[in-house]
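Novice: Chains A and B, in that order, give the protein sequences. Residue 359 is where the first sequence ends in the numbering used here, and the numbering goes up by one at each step. Residue 556 is where the second sequence ends in the numbering used here, and the numbering goes up by one at each step.
Each hint can be trusted.
Here are the computed distance ranges between Cβ atoms for each label pair:
#: 1; chain 1: A; residue 1: Arg206; chain 2: B; residue 2: Leu504; range: 51 to 61 Å
#: 2; chain 1: A; residue 1: Pro219; chain 2: B; residue 2: Gly408; range: 33 to 43 Å
#: 3; chain 1: B; residue 1: Gly408; chain 2: A; residue 2: Glu164; range: 16 to 26 Å
#: 4; chain 1: B; residue 1: Leu536; chain 2: A; residue 2: Glu79; range: 49 to 59 Å
#: 5; chain 1: A; residue 1: Ala82; chain 2: B; residue 2: Glu554; range: 27 to 37 Å
#: 6; chain 1: A; residue 1: Lys161; chain 2: B; residue 2: Arg399; range: 14 to 24 Å
Think of the hints as simulated: they come from the structure by calculation, not from any bench. Glycine included, C-beta positions come from ideal geometry on N, C-alpha and C.
Read off the chains here:
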Amino acid sequence: MSAAEATLVEAVAVAPLAVDSLVKRFGAVTAVDGVSLELRAGECFGLLGPNGAGKSTLIRAVAGRVIPDSGQVAVFGSAAGSRQARAALGWVPQELALYPRLSASENLHSFGRYNGMRGKELEDSVAWCLHWASLEDRAGELTRNLSGGMKRRLNMAAGLIHHPRLVLLDEPTVGVDPQSRNRIFEMIEALRAQGMTIIYTTHYMEEAERLCDRIAIVDHGRIIALDTREGLVRASFGERSQVTARFAGPEDAIRAWVEARGGRMTGTTAEFTVEHPAEIGALLEASSAAGFGLVDVSLRRPNLESVFLHLTGRELRD
Amino acid sequence: MILPIVRTAITAMRRDRASLALSFILPISFFAIFAVIFGSSRTSTPRVSLIVVDQDRSPASRDLIAGLESEGSLSVRTAPPARKGAPAPQPYTAATAEAAVKTGDVSVALIIPGGFGAHPVSFGPDAKGTQIELLNDASDTIAPQMVNGLLQKAAMTAMPLDMAEQGMKYTEEYIGTFTPEQRKRMDDNLEDLRKTLSGRATGSGSPQEFSGLIRVDQRAVVGENKNNPMVSFYAAAIGVMFLLFTASGSAGSLLDEAESGTLDRVLSSRINMTGLLAGKMLFNTMLAFVQLTVMYLFAWSVFKVDFFSHIPGFVVMGLCTAVAVAAFGMALASVCKTRAQLGALSTLLILTMSAIGGSMFPRVMMSDALKRAGLWTLNAWAIDGFTKVFWYDQPVVTLWPQVTVLLAAAIVLFAVARRLARRWEFA
Numbered sequence: 042m043s044a045a046e047a048t049l050v051e052a053v054a055v056a057p058l059a060v061d062s063l064v065k066r067f068g069a070v071t072a073v074d075g076v077s078l079e080l081r082a083g084e085c086f087g088l089l090g091p092n093g094a095g096k097s098t099l100i101r102a103v104a105g106r107v108i109p110d111s112g113q114v115a116v117f118g119s120a121a122g123s124r125q126a127r128a129a130l131g132w133v134p135q136e137l138a139l140y141p142r143l144s145a146s147e148n149l150h151s152f153g154r155y156n157g158m159r160g161k162e163l164e165d166s167v168a169w170c171l172h173w174a175s176l177e178d179r180a181g182e183l184t185r186n187l188s189g190g191m192k193r194r195l196n197m198a199a200g201l202i203h204h205p206r207l208v209l210l211d212e213p214t215v216g217v218d219p220q221s222r223n224r225i226f227e228m229i230e231a232l233r234a235q236g237m238t239i240i241y242t243t244h245y246m247e248e249a250e251r252l253c254d255r256i257a258i259v260d261h262g263r264i265i266a267l268d269t270r271e272g273l274v275r276a277s278f279g280e281r282s283q284v285t286a287r288f289a290g291p292e293d294a295i296r297a298w299v300e301a302r303g304g305r306m307t308g309t310t311a312e313f314t315v316e317h318p319a320e321i322g323a324l325l326e327a328s329s330a331a332g333f334g335l336v337d338v339s340l341r342r343p344n345l346e347s348v349f350l351h352l353t354g355r356e357l358r359d
Numbered sequence: 130m131i132l133p134i135v136r137t138a139i140t141a142m143r144r145d146r147a148s149l150a151l152s153f154i155l156p157i158s159f160f161a162i163f164a165v166i167f168g169s170s171r172t173s174t175p176r177v178s179l180i181v182v183d184q185d186r187s188p189a190s191r192d193l194i195a196g197l198e199s200e201g202s203l204s205v206r207t208a209p210p211a212r213k214g215a216p217a218p219q220p221y222t223a224a225t226a227e228a229a230v231k232t233g234d235v236s237v238a239l240i241i242p243g244g245f246g247a248h249p250v251s252f253g254p255d256a257k258g259t260q261i262e263l264l265n266d267a268s269d270t271i272a273p274q275m276v277n278g279l280l281q282k283a284a285m286t287a288m289p290l291d292m293a294e295q296g297m298k299y300t301e302e303y304i305g306t307f308t309p310e311q312r313k314r315m316d317d318n319l320e321d322l323r324k325t326l327s328g329r330a331t332g333s334g335s336p337q338e339f340s341g342l343i344r345v346d347q348r349a350v351v352g353e354n355k356n357n358p359m360v361s362f363y364a365a366a367i368g369v370m371f372l373l374f375t376a377s378g379s380a381g382s383l384l385d386e387a388e389s390g391t392l393d394r395v396l397s398s399r400i401n402m403t404g405l406l407a408g409k410m411l412f413n414t415m416l417a418f419v420q421l422t423v424m425y426l427f428a429w430s431v432f433k434v435d436f437f438s439h440i441p442g443f444v445v446m447g448l449c450t451a452v453a454v455a456a457f458g459m460a461l462a463s464v465c466k467t468r469a470q471l472g473a474l475s476t477l478l479i480l481t482m483s484a485i486g487g488s489m490f491p492r493v494m495m496s497d498a499l500k501r502a503g504l505w506t507l508n509a510w511a512i513d514g515f516t517k518v519f520w521y522d523q524p525v526v527t528l529w530p531q532v533t534v535l536l537a538a539a540i541v542l543f544a545v546a547r548r549l550a551r552r553w554e555f556a
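Using the sequences provided together with the hints, build the complete structure.
Specialist: So, in structure tokens, the structure goes:
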């Protein structure tokens, strides 16, 4: 083995997560189709994609709960599912994987014991989790009596009870109200501040943009783009911006005019990509000349939704 | 607005085809099982196993035994069953026959004493017929009466020579040549017999005074000092049946956890599937043992079952039964995909096992074929073990067949559960 190869092996060995050419099929459906990625220590890595894109299967493969058809997954250098990998990993599944007839505190104690914790270490960890999830005053409440948001937070806390070095958060905000969602964001930001490595799957673009250092866009089991938010936008749109406008006038005529100028209609809204914001003036003059009245107009940098649309031709939430 | 509710319910029911099928199979199965049990008992009486010890070895005793052997409802043994390759076993003695009744091998043993041939039959209150000893297990109230009746029948039908000889003897002894004095004596005897019969009718006579042609001295060698023979039986019988229900219900938590995703989370911790199943089985074993203990304490406090004199046997049988039913529950939960399936399948299997295995009515009342079928159930082995402990007062060491079978069943069932649980391990 050359020195360069040895360095590479060492780098892979210490990576929080290394996925290499992972393939997983369920019958005729290929849920994960040759995914490769590597996480950096301390980053929050987003897996963004629509429902059914293969995000959860990828996460379950990392947690060792899915046997790949081919490819490899290593958690801090240990094979996924191995004892070392399981100890290093905190998995927060999409489902509320809790004991409903146990209290919040009892749930945390149970999962702590399942991970080999005892005594003061366990008590301290339970106390930290309850504090982190803002559930200290509901510690004795039966889980089934907690609100949806509280259950979600407890579900997250149960995944962190054993102080993992890598946390898998599989759509942790599904079904929660905006207030609880914000509380969950604060919890995740607190983890980031501690330098914990996180994988965060979501189909909400705003969440990925807010929380993630790097984002992989997943579609049909493949990673179709992987970079920082800015990197993804730049790769798809360069320095261009998006103009959205609504016009008054015959619908068909507006549509024809928009498409003739390289834009597209989404509902009643016309979207254009411009190299420079100053191009808006010329666009509006042309619309006026075509006989359309301007209802409203806005200029914005493309977001991840735009990137997904650009890459797949579909809306992220299709 | 009612029909949409019906339509939704039908659609939902059709989704779980297994439980739908079981909901039809269940009543049909039970109908078939009970039809077999009770239908066969109407056409053929269960055979009573009977040990006969011939201490007399006279022509009369041999005739009597032959008469009993010809009875289709009796299975007469004069020696223990021969084992393959072993020398022919020695005939039963009075002691070994009594031991066989005490250990529950048979419910009734007859001991024909020496001298029976000289006075095989007896008439009247001063009859001189030799008494045959009937040893019985008090828990079986039917078998001794049946044997006694068939014994009298055998005397009438299988011993014509003895009857004639004895008749002549009694004629000479009581009637002579029918002189007026003899006539008076005969009339007196007939009068005595009438009085005896009328005394029996009003319930004032002793059962020993007129008990047929052959005098029988009945003695319960098991359970004579016990309160209620059926209570200790039903404590085990009902206890095991409900233990099975509890164990399968408790094991159903596996299905709940699989559905909620908790199982996945547990398996992503340090706990593997074997550990998870073993932990659940240990809990279910403890639960079953506590249930049994509470049941027997209740039987002790209310029905005076002698619980505290049988603690070692109870602990051995209780633990073996508990571990077997716990493993049964785990295997059943591993087979099923939904709670509804588990409910239907467990009801079907447990009630079937309980019917055949003696939890609903004693196996002694069943045909030989059903008795053999019962040996495939946990109920039968558990009930046999508890009966040995609480009814026959047998030492713990004699429980080895029941212990072996129940533990072996537990191991096999746990292995089945572990194998089937692989579907939850990895996708």
